[in-house]
Structure formats: structure tokens, C-alpha cells
Amino acid sequence: MVLSVNDVTVTIDRPRRTAVHPVRGVSLSLKAGETLALVGESGCGKSMTCLALAGLLPNRAAIASGTLVLDGTDLGTLSPRDARDLRRRKMASVFQDATGGLNPVRSIGWQVAQAVRMRGGATRHAAQQEAVRLLGRVGLPDPERRAREFPHQFSGGMNQRAMIALAIAGNPKLLIADEATTALDVTLQAQILELIADLRRALGMGVLFVTHDLGLVAQHADSVAVMYAGRIVERASTDSLFANPRHPYTQGLLAALPDAMGASARLASIDGTVPPIDALPAGCAFAPRCVRASAICTSTVPDTVRGLACHHPGPRVRPAVPAMQKEYS
Amino acid sequence: MRWFAIKSLRAFVTLWLVVTFVFFVLRLSGDPTMILLPDDTDAATRSFYRALWGLDRPIWDQYLRYVAGLMQGDFGISFRNNMDAFQLVRDRVPKTALLGWTALSIALVLGIPLGILAALYRDSWIDRVVMGLAVFGFSMPNFFLGILLILIFSLQLRWLPSSGSDTWWHLIMPAFTLGTGFAAQIARYTRSSMIDVLAKPYMRTARSTGAGPARRVISHALPNAAVPVVTILGFQIGQLLGWAVVTETVFAWPGIGRLLTTAVATRDLAVVQCIMILLAITMIAANMFVDFLYGWLDPRVRVGAGARTA
Amino acid sequence: MTALLRATGLRKSYATGRAGLFRPSARFNAVDGVTLHIKPGETLGVVGESGCGKSTLSRLVLGLAQADAGEILFDGAPLPRADTDDWRRMRIRMQLVHQNAAGALDPRLPVRAQVEEALRIHKRAPERAARALSDVGLPPAMAARYPHEMSGGQLQRVVIARALALDPDLLVLDEPVSALDVSIQAQIVNLIRDLQAARGLAYLFVSHDVAVVRHVADRIAVMYLGRVVEEGPTAAFRTGALHPYTRALLDAVPVPDPGCRGGAVPRIGDPPNPAAPPPGCRFHPRCPFAVHRCRAEPPVLREFAARHHAACHRIEEIA
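Chain order of the listed sequences is U, F and R. Numbering-wise (the UniProt record's numbering), the first sequence opens with residue 1 and increments by one. Numbering-wise (the UniProt record's numbering), the second sequence opens with residue 1 and increments by one. Numbering-wise (the UniProt record's numbering), the third sequence opens with residue 1 and increments by one.
For the record, the hints were derived by calculation from the structure and aren't laboratory data. Hints may contain errors.
Said to hold, decoys possible - Label pairs and their in silico Cβ distance ranges: (1) F:Phe138 x U:Arg145: 38 to 48 Å; (2) R:Asp106 x F:Val301: 50 to 60 Å; (3) F:Thr14 x U:Ser42: 44 to 54 Å.
Yeah, the Cβ is synthetic: ideal placement off N, Cα and C, and Gly gets one too.
Could you put together the complete structure from these sequences and hints?
Quick look at the structure:
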């Protein structure tokens, strides 16, 4: 296992208010060379999970409980400095906003070379050469010249390539791609994802692929974890999740997608909205929107059994199309 | 090169406007012979001096002669002691330059690290202490701080001389008086610009590559945070010169500031004009230097590197 | 049937960079010769990637930006100049809904008051606000809320209600669901379609999301760097797109079915800087079929099947 996450909870302390838990009891595992998709809608906790894994949590947030094992070493047993060292050698992250993620006053080559030196301790000159090689590896044309340019001179796609070059410096075992292609045009997105897949095969990395786009999950992931309101509600191989979704939320998400071929049927929507993180309902957080909810759902949090956290698992039922006014009740 | 040519042209136009403005304003402010000559001077003597100094000619004629003189490096004669005005001013330049540079260095050496510290430990006691000092340093009037220092260190403790410029000891109090206000301003700007930068996504990128805190601050954050601070610095050079006049007077520092005070009081037109031109040149040069620094720090405003290349 | 909206040869350019003393600034053609029409009750989907000019196009259609060239006819009459009384009268009949619903609303007023205000400005009875809000599926209790008390989907409903209260003929929807999560997006897409069915509205639906546009539009126009490269009935975009760019765009849309993996990922490289579009066919540097002619001569829209147009020199050869 490159990564195994056991029952991790992230807490954010808020001045003069109760703490909130954007990530609650999350467990994941990822093998070398595999892609695991973490999928969910905005505010579900998927980005906070990534930040916790990468050791990049904001000031007031912290991992309150659970264990993180990175390439065989439990990060909890290490001093903060050793944990940072291990992370820097073993893992890297690529985020959504590549242009903002690059330093505007430093050349692209400088930034990649810095990452090379941080991860491998090469000399300045060797790091520069390695940076140019990496920029070429991620498909930047004329990397020698491009390395001397600055982020504002690049397109969004080129900046994302540069970010990937920066991430793969020092051959990490784990790459976290947090909505890495969301801001890109669709024709570019496909190419960037293909680049990541190619690097994963070549370097034997595990890829934690965080996205809201189920289409990308179907195309690129080996297995999937679906998150809702801070918890993983369903975990399965990609094939079985799409063929046989068991959690009502997963079923709802899949049904809500516009169908490429099916003409003009109504989309099946999930009624209501995601509950705010500081006002989660007791029991299953999805219960207020769930077509199958019963008394137990509103009182007891369901345990995760064979990758599923639901009191009423079952095959997909297409809910009757509700009248418009009823969609908000 | 083109950039430099445009800048120089602009600087020249600015300078000419300053010269013209100062020339006319000073001549509108009254007759110098009324102040320079004793009250009981008779009219004939007055007109003799007016003719001697060329004040009886039409104002346009005076202006053209003055500008023509400037072109040849002639700044006119001091009415007060008949010396070459430029010579008078030039003798004072080193003292003021020494004071200004020392004050500026103190401001930078104190202000930038304190600002960074306050930003890094935002909302902690360190931040509160630094910002408290900054408010104090900024709101304390210059002359008051100067007098306070004299009271404490010269009259009470008798550690430092209160006036003059003979030794290095003489420099300490004026330089601190002039420097603290700027240190306070620079600390505040550094802090707010640093806080801005620390929240930027690229700082998270630096952290994710495993760069330690010191490296993140010095090589990733500081070059960004310096950009707005440098911009402010350009404006502050002017302020520094203004405050130098007050400080020099308080400490009897024989610099341009004191010369200016006496020259203004006595309507010594040639000297005032010469100082004004010198100040304008200093300001213009400072701002050109800041523009240059700005381009050096931030590639987005660098000439020829502004455009997207793909 | 006559068109509700007909735009012919629209052009709009913006200055890029600073002008010198004797040198005009470089200009970039955001919209470069676009012709389109929308019939009453019809949805025209405009799809394209960033920099293709689709948002500029929607602003031109509403008269929010003045076209450099070209003509816009709304209900047979030319669009009056912006900010005139005639324009304001016409604007009641064409309303805008864009991506940023929160930005389109005043944070200091309850949402119902905002709908009423829009009605009052156009001298309509403010009582219609309640009806409009319930038409978009917001319960009466929610009408008294402030924008910050509502979710993104609910805010988008308010914006739609405000537009609908004026009883327009045309709604310009500029990325109306792009900022929303999938489950909420489905609610709004359904709402938009139901409203059209109930009221016979015409839509100009602008989006980067091919899947959503394909779901809601009757006809689709594909834009690339300021030009329409293909236009036709939606069904044509399910079976066989003509233009190489459209094909790449459709191929790039990830299919939510692991069974369809390994489909041809279009390898067309990075898009060029929209401020400096290539000559000839603007797609030629990324086009796998480009020949010399494509580099030199811009292709015009030609009809290949019934009402199905594309702008490409080589469609006959590559079909």
C-alpha cells in the first residue's frame, strides 16, 4: 500500500463557536500504480481530506483522530519535522488553480528546480537541468526556453503542465490531484489526464484523483470513494460502482447526469441541498434528501459494511418525477 | 532603451514645470528687498538693489534669463551673502545625504524584519507589540520626538550631543528621529503585504514541495511582498526630505533643510530655487530607481516580458 | 416562422495592451463575424471553450456591448442603442441570467423585494413577484430570506424568477448551471426546460458544457476563437459532428460509463492565445487534417445536410 488512511477525522476550531468536523471517520487505501477517485460535491470534505493527507491543513484545522500510513510508515509516530520530510520525499499534490499556484515573480524553471532540490538535494546546476528535463517530460514544447519564462506568459494548460512537472520532481510514490483539471477546457482536460495516467504508469505512482465529475471517474479511476458531508458513503471498484450503485446518494448523482444519447428526458435531481457543515443532522447526513429514509436513518449514523454506509441499501429506484413546487420542501 | 528615453523625457518635463512653478510663486510672494535691507533704507537704495538683482525687469524677461542661466549651470547669486547659490547648496548636500541615507537604512533594517515578524505571528503578542510600536512611531511628530530625545539623552543622561554634526555621535539622534517614522510605515506596509502573500496559493505549492518555513518566507514570499513596499518607498523619499527640514532644524544639523529654512525666511530667491530644483531632481531620480526596481522584482511589469507568449 | 432574434455578421474587438503615442493598441476579435437566429420558443445552444467569444456574443445580443459591425434584429426591428428608452423597453423582452447568481443580487435586500424592484422599475405590478418566485419552485417562506441565507441553486432560482417576472420572450442564459453541483444542476436544468414548455420562451443557452447544452438545446452553434465553426440541429451532434474541432470537443467529454474507456482522446495540443488567433482557419494549428489551404484561407459556413452548417475546407474528404 502506498497510502492507507484509517478513520481520519479533521477538526476546525472556531473562535467562540463549536468546532466543526469537515472530515469524519474517513478510511481509504491506495496501491502503487493505482488510481483512486474521491468524488463528491462542493463542501463534502474531499479537498480537506487531501490537505490533511498532504500536511497542508490551514492553521486552525488539525487531524483529530485516525492514522495515516504513507508507504509503510505511520505518520503519527514521527516528529513534525520527520513527517514533513517523509511527505516531501513520498508525495506531491496538484491543485485546481495552476496559474495561482505558481509564484508570479519566479521563473517556471526556478520553481521546478526548487522542487527538485527540496526532494532530491541536487546541486543548483543539476536541479536546473532536471527541471528542463521534467518540463519536457510533461509535454511543454521548447522546455529550455520556457523554463526561463514566467507564469503570466503561459496559458492555463501550460501552467498546469508546469505544476505537474513540479509535482513529479523526485519521483513521488503518491500524487494527489485535487480537481486538477476542473478549471481547464474540456479538450485540454483530456490531454492533461492522459499525461497523469502516463506518468502514473511510468513512475509507478498511486494517484488520488479528487473530482466532482463522474464522467472523469468512469474514464480514469480504478476504484471510487463517494463522499457526502464529510463521510465516505460508498466505496467500490469503478466498474461495480457504475454498474451497480448501492447508496441512494450515488444513485442520485448518476441519475442526475445529462445523458449523451438519451434525448430530452427530465434529469433526475436530488431534492434539497447539502446540509451546512456546522448544522449536520443527527444520523445519516443524507437522510433529509433520501427517498428511502426511515426512522433509524434520522437517529443513527450507519456503519460502513463492505464499503457502504447505508441503513437501506438496495438497487437503484428511479424516484417518481416530483412536481416542480415540491422540489423544495 | 526606449523605456529609458521616455522616462528621461518625462523627467525633464517635470523638472521644467517645477522650475517654472517655483520661479513664479516665489516672485508673487513679495519683494525681497523689504526683508533683506534694513527697514529705514531709502527708496533710491532699494531700487539700486532691485536693479542689481534684476528685479526691476518684466517678470517674463527675468524668467527667460533665469532659465537661460540654468542651461549654463548658473543658479544665480544669493542675495544675502553674494555667493553663488549653487555653491552654497552644494556645500550642504553631503550632510543631508548622510542624514537621509542613515535614516533610510535604519527604517529598512528595522521596518522590514519587524513587518515580516508581525505577519508571520499575526494576531499574537509579537504582532501586537510591533504594530503598537508602529502606531507610536508613525503618529509621533518629528520635532517632538527630536526634542524628547534631546531631553533624555543630552540633558538628562548627557550621553549624546544635542546639536551640530562634528562627530558620528552627532548623527545618532537626528538619524533615529528621522528614521523611526519611516520604519513604522515600512513595517506596516511590509506586514500587510506579507499577510496577503502568505495566503496566496503559490505559498501552499511551496509548502507542498517540502520547503521549510525560512525558505518559504525568504525565497518564495519576500520577492512578492517587496513589490508593494517598493512602490510605497518611492513616495516616501519625498516625505523623507520634508521631514529632514524639521529634523535638521531641531538638531541644528547643517544640511540643506536648515539652509532652506533661512533662505525662505529671508526671501533668498536664488537659494530657494536651487534647493527646490535639487529636491525635484532627487525625487525624480528616486522614482525612476523605484520603477526600475519594480520591474526587476516583478516580471509582469518588465518591459518586453508582459505579454503571454502562447 | 420568422425569427425572434436574428444577428448577422456580428463583430466585436477589444484592445489588448497599451496604445503607444503613434501606435494603435493591438486589438483582438472576441467575436468575428457571427450570424445566428433564434425562433420563438426555441433554444439555441452556443457551446465553446474559454476565449471562444460566447460570453461577448451574449452581451452583444442584449445590447450590453456595442458591436463594431453587424446587425441585430429583435422581433424584426433593429436593436436600439444601449441606455436609450427604446432599448430599456426592448430589454424587458430579453432578460439575462448568468453564472454568478450571488453577484447579480443585492445582499442587503430580501429576495422578494428584489424581484418587486425589478417589476417596479419597468412599471409592472409588484404583486407578480410572489407568483414568479413560486413558479421557479421557491416556497413562499423563502421569499423573505436574504441572499446569504440561500444556497447557490436557490439563488439561481431567484435570478430566474426576477427575469421571468417581466414576462420576456427571450432569456439569455450565460453558463446558468456551471457553478452548481451536479445534483443541483439537474434541478435547475429541469426548471429551465419546464418554464420553456409552460411559457413558450426562447433561450440563448451559452455554456462550455457540451453535455448540458446537448440536453437542453434544439439547435447548437459551436464557437471557436470568435467564429461559429458548426451549427445545426441537436440530433446532428449526437450522431455525427462535421467539423474536426466539434469532433474533438465531443470526444473529449468524459462518458460516465467505465465500459466506454479508451475512447480516442483528442490529441490536439494546447489552445493558442485568443488575443493572437492564427490566420486562415483558426483551428488549423491544432487540426489533424490541416493542409496548406487551411493556413491561408478562412473557411466559410457551408450547408452539408438539412440546416446543418460547418466551416471547414476538408469536410468532404475527412467525413
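Do the hints match the structure? See the list:
1. For phenylalanine 138 of chain F paired with arginine 145 of chain U, a C-beta distance near 47 Å keeps the hint of 38 to 48 Å intact.
2. Our hint of 50 to 60 Å for aspartate 106 of chain R and valine 301 of chain F is violated, since their Cβ atoms are close to 36 Å apart.
3. A C-beta distance of roughly 53 Å is found between threonine 14 of chain F and serine 42 of chain U, which places it inside the suggested range of 44 to 54 Å.
Comparing the model with each numbered hint stated earlier shows that hint 2 is the single one that does not hold.
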